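Make the complex out of the two chains shown on their own, each in a separate frame, by following the hints.
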Amino acid sequence: MNTMKTNTNHLSFSDIDKDAGLKKAFSMGRADIISELNHSGLRGRGGAGFPTSVKWNLAAAAKSDQKFVVCNADEGEPGTFKDRLILAEFPDLVIAGMTIAGYAIGASKGIIYLRGEYSYLRQSLEEVLARRRAQGLLGKGLLGKENYAFDIEMRMGAGAYICGEETALIESLEGHRGESRNRPPFPVDTGFRGHPTIVNNVETLAWAACILAKGADWFKAMGTDKSAGSKLFSVSGDCERPGVYEFPMGVTIDRLLEAVGGTHAKAVQVGGASGHCIPAAEFKRTLAFEDVPTGGSVIVFGPQRDMLAIAKNFLEFFTEESCGQCTPCREGNEKLLEGVRLLEAGKCSMTYLKDLCALGETMQLASKCGLGQSSPNAFLSIVNHFKSEILGRKAAAPAGR
Amino acid sequence: MLVPVQERLRLDIEKWITQYGNDRSSLIPMLQEVQKKYSRISEYAMQVIADQLSIHPVEVHGVVSFYSYLKEAHKGRFEVRLCRTIACDMAGRDRIAQQLRNELGINFGETTPDGRFSLEWANCLGMCDQGPALLVNEQVFTRVTPESIHDILARFRREMDINVFQQAEEH
Ligand SMILES: Cc1cc2nc3c(=O)[nH]c(=O)nc-3n(C[C@H](O)[C@H](O)[C@H](O)COP(=O)(O)O)c2cc1C
Ligand code: SF4
Ligand code: FES
Chain A
12 MNTMKTNTNH LSFSDIDKDA GLKKAFSMGR ADIISELNHS GLRGRGGAGF
62 PTSVKWNLAA AAKSDQKFVV CNADEGEPGT FKDRLILAEF PDLVIAGMTI
112 AGYAIGASKG IIYLRGEYSY LRQSLEEVLA RRRAQGLLGK GLLGKENYAF
162 DIEMRMGAGA YICGEETALI ESLEGHRGES RNRPPFPVDT GFRGHPTIVN
212 NVETLAWAAC ILAKGADWFK AMGTDKSAGS KLFSVSGDCE RPGVYEFPMG
262 VTIDRLLEAV GGTHAKAVQV GGASGHCIPA AEFKRTLAFE DVPTGGSVIV
312 FGPQRDMLAI AKNFLEFFTE ESCGQCTPCR EGNEKLLEGV RLLEAGKCSM
362 TYLKDLCALG ETMQLASKCG LGQSSPNAFL SIVNHFKSEI LGRKAAAPAG
412 R
Chain B
1050 MLVPVQERLR LDIEKWITQY GNDRSSLIPM LQEVQKKYSR ISEYAMQVIA
1100 DQLSIHPVEV HGVVSFYSYL KEAHKGRFEV RLCRTIACDM AGRDRIAQQL
1150 RNELGINFGE TTPDGRFSLE WANCLGMCDQ GPALLVNEQV FTRVTPESIH
1200 DILARFRREM DINVFQQAEE H
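Chains as they are written, first to last, in this note's numbering: chain A, 12 to 412; chain B, 1050 to 1220.
Isolated chain B, as found in the complex (with noise of 0.2 Å):
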């Protein structure tokens, strides 16, 4: 069965909404859910749960451009932030930087042209005792090395290979 994707973003934002309530303070909770699923919050995400909690699209679009785990640009299906903070940076941050960009292909804030990973720096992660640390997703990996950032990474490749229906799509 075929649902086209907005009519797909539009019927989980109901259904969040069911669970979350309609008062303002469900906005932020609302959009990690589009942001988890769909890797971005569109124009029309914005706009679907502007209606559904009565609030002008513009209130929705401040809130999105304030926090830095929510983007209204297309994102990764995995996102790989790496701490830049003093602890990891100590520990060798700019040696992981480098390979991780040797490793993707790409800069910072860029995504790889398969949508499949983006690179982002991250302020402190709470692991300066086990850095250089980096998150992809929810996941954490500390005392990375410059040889390990290929593994961790062909770890996520196979991944998305085996889940390829879930690849995030254009909405």
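Bound-form chain A, shown alone (with noise of 0.2 Å):
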């Protein structure tokens, strides 16, 4: 494989004894492990953000003869990179993190549901689950504790960025297309075959691993009140080191910016295409749950980029990727993109792109999936912030496409 270096700052990943917080958490209570996490704050690295202690303790609470535990590794949103140097490089953190989760909630087995994309780590993944049965930390009576096995599996995804969504997910593990459910019920109580299953993203499960190890405290000391601990970001577009950032939620985009030499800047996306995008007039804004949230995407548009085409990209990607299941999102990302086709040639009147932002606003609300209700978002978040960049262009020479 010939894929370069990706850039990094210091990460906490490489500090920690890889299963300190797994041999930890086996010498606790099920519900002192759970508590420990909810102490930390730790919320979910995927970009919803739910508390992962709230999650654990729901599946826990099932009755249930069988219990799942998935890894979510399905990474998929534009401009989302991070899972990808987690697995590749700190895989044992990313399973001990879902051992204990296994062990937290109940479960006997865990699923790592791995994108297509990323065929060529599936060989050091298993390589790496093999020698940790060889060493007892999975399988059939895993640190000493007799009664009790955890055994992971690995699930290739198929390409379908909707099976990232936790539903869809499951369904594509199932057989199944992948069409998200409607929830309720949560996958907590009925997941994978009916089961109760709780699905983390790859950072989450690691994260969880780290404050084991390290304790609560020491995930809360950094961050802010509401989104406590740190994150990892995938970097790219116009900047001069792209690459996978380590910073304490609350980051303001301009340190970002700072860092990874992209200060230039006319607008970053962040949360990847159903994420937001920022003029740099909001560079002062922070990244966390309570200002900008993200799963840890952000996009550098330098002051050259045309945001219109931007916004065409994201809308070509919905289009795509819509599952198709619901009017709103198969039919309006269509209508948003001939929208965007329109003021390309410089042929959309105001009133028209107000109808757009209006037909954006119903798909937030109105679409059966996050996928729908998200993909607006880059649209009129543009719309917003560059208007005058967008409205009356003169009727282009096509490029050479």
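Everything labelled a hint here was simulated from the structure, so no lab data went into it.
Possibly wrong hints are sitting among the right ones.
Claimed, not checked - Simulated crosslink set (SDA-like; lysine to any residue; CA at most 25 Å straight-line):
no.	chain 1	residue 1	chain 2	residue 2
1	B	1086	A	187
2	B	1064	A	296
3	B	1085	A	130
4	A	405	A	345
5	B	1085	A	345
6	A	237	A	59
7	B	1064	A	167
8	A	346	A	376
9	B	1124	B	1150
It should be emphasised that the depicted structure is a prediction, and the values quoted were computed from it without experimental measurement.
See the structure below:
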């Protein structure tokens, strides 16, 4: 494989003894593990920011003879690649996190759902799993718990962004089209094959292992009141040092841009295609659940970028990846894309643009799952901040495509 | 020893069933095995899998048509997937796309007449810090330039010449 090295700053994961958290957890009661996590304030790193301890607690409380832990390694949000780095460089932490989760909720099986595009990581992950079985860190009677067994299986995605959504992911695991389910019921109650299932992001699981190793207070000392701890950010686009950077939650956009050499940016897209576009005037804002929430993707747009082309790229992505189950998302994204084409041709009136924005707001409310609900975000924020750039264009000579 | 392709396919599927089990949740791993070995999932393969899992072939068809990595139509031995998403777009995706068309003599969505290469678009490959990025089967190439396309493809052409006996077969 010829991938060049990804730039990083110093990552906390490299300071952690990879199995300290696991060993600590297995010396504790199940309720105490969840309580430690609760005290840490860890919230999901996959984007939605759901408190991890609450999810684990619900699954722990559910009554069932079988429970599952799923590691969501489907990382498909455009501009996101931190999970790839974690899986390649800190796989033991992720697997330890899964094992801790399994023990805490009383599951005997874990599944890593790895996106098909990351197939080249599969073999090394299988090797880590095999090594851990041999070390007695997975399998029957692991770490001396004679009556407990936990093992992990790998499953590969097949090229569908929607399968990162947890209910679509479960549909896919069950051998169906990756179409999101109505919620409730939630996976913690009715998940894989009808059993209680927790689905957590790769990074969330790695942090859980770190928190058990170093204590909730260590984690809580970083970040803000509402967004505890630190987080990995995938930074790409117009900057000198794109890569994966760790910052405490609550870091300002300014500060992040300084670190990556992107201070000249005119805007950044936070949260990938489904996130929001933040103009330079707002770079004092913070990356945190209470301000600009994110799964960690930051795409930097330099002064020369055409913001309309960016909106178009995102909408092309969503028209392609919509699962097609519900009308607001399936038809809405097509309509918005048509609107962008009109804008490109300089043929969109302000009245029509307002109609498109109203449509976008309807999609946010009426779509069945997170994909449709968030798909208009980029378009709406670009229209909001860059109206003068995108309206009244001269019909350009078609670019050489 | 020459075994007809359909027979071989059936034997393979039976082997994979013993490995994965005959629960519905084995469907996608089964389809992935077929896709990988035979470069496509034929009507016949879907029928055999449906029988083994005791589901209707229409169900299998519905799943194959949903996922972009599963295809009924013939694909090349090597699938070239160029990322078209934002970071790679900004990093010069269009010129890479044009050079791929030039080198392969086909458009996106097509397969070369010799069955060696198919050309497809992909969405974000998680290499956004190193775009433009593309995959050839499971291998990823980053910071691709129009100039480097030829060498990348030549590598796979050579591999193909060495493994003439492994060429994807009709079935
Ligand atoms: C369209 C869509 C795609 C998603 N893709 C991912 C993904 O690739 N990885 C991920 O961890 N979460 C993804 N999520 C969020 C998951 O549904 C879920 O919230 C997450 O896996 C929960 O884990 P966490 O609480 O640890 O963040 C996606 C959500 C939506 C709506
Ligand atoms: S919002 Fe989009 S992706 Fe989600 S269920 Fe509806 S059509 Fe499918
Ligand atoms: S945008 Fe091309 S790899 Fe992410």
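These are the hints, each one checked on the structure:
no., hint, in the structure
1, 1086/B / 187/A, "22 Å, holds"
2, 1064/B / 296/A, "56 Å, violated"
3, 1085/B / 130/A, "12 Å, holds"
4, 405/A / 345/A, "23 Å, holds"
5, 1085/B / 345/A, "33 Å, violated"
6, 237/A / 59/A, "14 Å, holds"
7, 1064/B / 167/A, "19 Å, holds"
8, 346/A / 376/A, "16 Å, holds"
9, 1124/B / 1150/B, "16 Å, holds"
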